[in-house]
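Undergrad: Assemble chains F and G onto chain C, guided by the hints.
If you read the sequences in order, they're chains C, F and G.
The first sequence begins at 1 in the working numbering and counts up by one.
The second sequence begins at 1001 in the working numbering and counts up by one.
The third sequence begins at 2001 in the working numbering and counts up by one.
Quick caveat, the hints were computed from the structure, so don't treat them as lab data.
All of these numbers come straight from a predicted model, not from anything done at the bench.
Ideal Cβ positions, reconstructed from N, Cα and C, are used throughout, including at glycine.
Don't take every hint at face value.
[As the list claims (entries may be wrong)] Per the computed footprint, the stretches of chain C lying under chain G, defined by three or more beta-carbons under 8 Å from a beta-carbon of chain G, are:
#1 107-119
#2 137-145
[As the list claims (entries may be wrong)] Residues from chain G that keep clear of chain F, each with C-beta distances beyond 10 Å, as calculated:
#3 Gln2166
#4 Gln2201
#5 Pro2348
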Amino acid sequence: MSELISELDAAGMHAPAGPVDATHGILLYLEEVSVSFDGFKAIDNLSLYIGDGELRCIIGPNGAGKTTMMDIITGKTKPDTGRVFFGQTIDLLKLDEPAIARIGIGRKFQKPTVIEPLTALENLELAMSGARRLRGLLSTRLTGEERDRIAAVLERVGLSEQAQRPAGVLAHGQKQWLEIGMLLMQEPRLLLVDEPVAGMTPAEMERTAELLKSLAGSHSVVVVEHDMGFVRSIADRVTVLHQGRVLAEGRLEELQAHPKVIEVYLGGEDARH
Amino acid sequence: MAPRPSFRAGLTGFALLLLACFAPLPAQAGDEELRATLAPLRAADFNTKAELVEALIAANHPRTVAILTAFTTNRLHYAAAFDRMVISADSAAEMTVEDAVTGEALGPVGRRDLDRITTNNRLRRLIGDRLAQLGLASADPQQRLAAVETFVRNPDPASAALLQERQTLETDPQIAAQLEAALALIDLTSADPAVRAQAAEVLGGRIPAEIRGRLMRVAADDPDATVRLAAQEALAKTELRLRLLGWAETLFFGLSLGSVLVLAAIGLTVTFGVMGVINMAHGELMMLGAYTTWVVQQWLPVNWSLPVAVPLAFLVAGLVGIAIERGVIRFLYGRPLETLLATFGISLILQQAVRSIFSPLNRAVAAPEWMSGTVMLGPLEVTLNRLVIIGFCIAVFTLLWLALQRTRLGLEVRAVTQNRAMARAMGVRTARVDALTFGLGSGIAGVAGVALSQLTNVGPNLGQNYLVDSFMVVVFGGVGNLWGTLVAGLSLGVANKLLEPWAGAVLAKILLLVFLILFIQRRPRGLFPQRGRAAEA
Amino acid sequence: MLLPRWLLSDRAGLVMLAVLVILGVGVPILNLWVPPDHPLHVTSYTVALLGKYLCYALLAVSIDLVWGYMGILSLGHAAFFALGGYCCGMYLMRQIGTRGVYGHPDLPDFMVFLNWEALPWYWFGFDQFWFAALMVLAVPGLLAFVFGWFAFRSRVSGVYLSIITQALTYALMLAFFRNEMGFGGNNGLTDFKDVLGFSLQSDSTRVVLFVLSALALAGGYLACRWLVSTRMGRVLVAIRDSEDRARFLGYRVERVKALVFTFSAMLAGVAGALYVPQVGIINPGEFAPLNSIEAVIWVAVGGRGTLVGPVVGAVLVNYSKTWLTTALPEVWLFALGGLFVAVTLLLPYGLIGLLRRRRESAS
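Here chain C stands alone, though its shape is the one from the complex:
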């Protein structure tokens, strides 16, 4: 039984030793990835590379495969074919969700997913890397160092005042920030952020944009977003997904002049902006 318990905290037997190797400047590789559900190709021969420290926006109409792509990166969905690597050496397809989370990939869901009965502080505590070790799991109090880390993240996402309030009573925008804060507590190399500003006021959006921009550089950040204004305010590079494949990639201004992109966004019924 004790071996089993120690399994709880080990990053998992599948996790390879050693840090992420991003020496070629690329942190995430998706190559020729395809997946289909009941014959419907959700992802169709998709190739995508995310640079180390890059902030990348991914846009595309509904059903373009954005969420499925995130599912594949985080291990929730296994693709039918293709390769997914984290750095040079880590094959993500061989890992399950917790292992992927532990090697440094954090994911924020489309719907803000915080643990509502727990306070903001407890939510962050839950996400703290290192907390997953058994001794950490079975302790009832925080060490000073842990306290400091949590306080720093609370400060960064602007929730210091809310630390002791249950996450369930926070405003929608605050929940989004709390979730981003939880990702930060994981100390990831790569953050996957699904629709971070849905339902936010313009002021909240601006703060979120600043937060994400401040993360780039030390982290790679992939943002899936519908709001073009928001995308414009944060992204250097934008990838357009359509029907499960990359339609175009480049700076937003270039893309807005791209005939295929215009056709997808204006010609299709799904155009939202």
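TA: Relative to the frame of chain C, chains F and G by itself:
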């Protein structure tokens, strides 16, 4: 052999009695002649008795068969009290007797007052042969068949000619086949080895124990090697056929059990699979259907009760289902575990209600006559009620499928299942659809209850006994999939019957439960899962 | 104060523990040292009844740990309770020795009756108290672990899990009904004589069993309370409310679930083991799916996710059951069924939840 012909003879006698009332004169005369022929039997020795038997045959009276049958089974007596020959119903101390000639019931008579007409083996064989001959010529195929079967049991070379003559005339394929067997059995005693080998070959693949026994003896003892070989080959053919028949029988039992499972589960497929509502009271809705059948039988003759009970049970269970949905479940959508508990509470209430209203004891629901007895399904003899259940299951399945595919409600149900918000936006009244869908599933549970009432005890625990099974079928088949439920139910039924011979009924069930528990681990979404993002939500 | 902070903040729990202490001290005194004709005398019947309630309460706490905190509605916890009970019953059977009807030194009566020659291998060791006590934890724990390991690893959750836990206990019930299993079939194990040399008929033994039940409940409660106050407790809530979130935070959800499920099953096993000597019988009926669901409703009535609520619920519901099944047997199932419906519709957080909301709205 004894009860059936005498029953039939009794019927003939009854018919004759009726006839006697309307057309007295010719029949009466025949009766008197017959009485005269019978009278000497009492004092005759066995040789005379044999002659008298021939005379009885020659008289060709409608009661001849009844009298001869009674004679060979020691039920023909002389009753001094009535000064005539009588036939007794049984051989107890007090016997009810009927007039041998008219079949008129004469009431009980003490055994001492009867003088039994004795018989011996020779006489019995004679009567048997004669009866068989009589039967061979009968216009009734059933009687002809019975007669030929007598020859199969007692192959006598002397009757070969008779049988051959009949063979040229016979049109009924079943009887013709039996005639062939009877003749082949006679041929087995032929002096010519070629004829014997030929006969053995003809007898291959025939099931009756007499034929197999004969073949076995021939295969072991026949002086001629080729005949032995032919008999062995014939026996091998029989073995194969027996094994196939055994498999077919298991398959049939399995299918009938599977049909019950499908019936029990298919309503759940609608409420659990389509609506996502866990209805732990499903079993009790079946119980209501079964009790509806019982109530109907209190008012209507048994033969008519089922056609009335089916729609009524659908209504009763359906209305109760709608009441449950409107009263409880609709407040709990999106909280499946709470729904499970609340409906379980309802199931307890329904059980106790039935206990209080009817009785805690089981109620006997009678089976209609048209569902009892057996029928030949090709070479397989199957009980009618199992066959009816299978047919009923197919009918219910088809109707439900059509209802979901072809009706407005079905369309709305499918729309609500796939995307509730969108359906509402398109003007579907989801609340009404929910109630009606739940009512539909519940109603089908009620109909399943009618079927169950024919198979099992109707009591307050009826539902509980099927609940785990029916959930297993739904989960095994893949939630929300009507065809999955059908395949899952039938295959679980067959698997159960396949396991039963070597594991026993209880262990077979345990093994299947364990298998299902393991299966769900491997494929949590069942045999036919709904895949894709929609299924994850 | 000497109490750790996690316990100090749990006021309802402290009240309940205090009540347990009072019962644990008071009942023995009132039973053994107050003369029978005294109005304050507690009869031995009542002692056994209260002891039974305490065992049920421990079962309810074990269910609350997995349901209230981890979101796993087990409809098969009575199976673990019954397995613990059978382990204890097997020990008690072996203690009968030659005092059985057939007087066989090794074989229990029912095996002699079935013409068995020797003790089946799985009965070995049960003549030793320590072995039986170990098995009370190990058998339910192992079953829960194996079952949970496979079920959680394949992500069987929600109602599916509930249904297969029900199938599990149903299968066990069918199995234990079989004489060939070697557990006494239909009749189960009964006619116990003594435990560790103390007669089960004597008042002092019964009182000790009662006190042990109170201690087990207090211990089980404290263990669960401590567990949910640790960071692990937060992980459990995260798993309950958003399993994916927990997984994407890097927690091995299936392992946490399997471990906590195992721990919970062991608690249920202990409850069953203490229950059997107090009621004097264990039979396959204890595996009935209804028993598991009934235990779930105790939790729901008291308030799930509170740990105190289940104790309150188990005692209240069982007291009503004792009272109703003798006074108005016809009404009991109506009442129980109505309770299921009423609690789920009107009291989603049970009595404790109701009290808390009162207090919150008052303050």
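Undergrad: Tell me, which hint numbers fail for this structure?
TA: Failing hints, ascending: 3 and 5.
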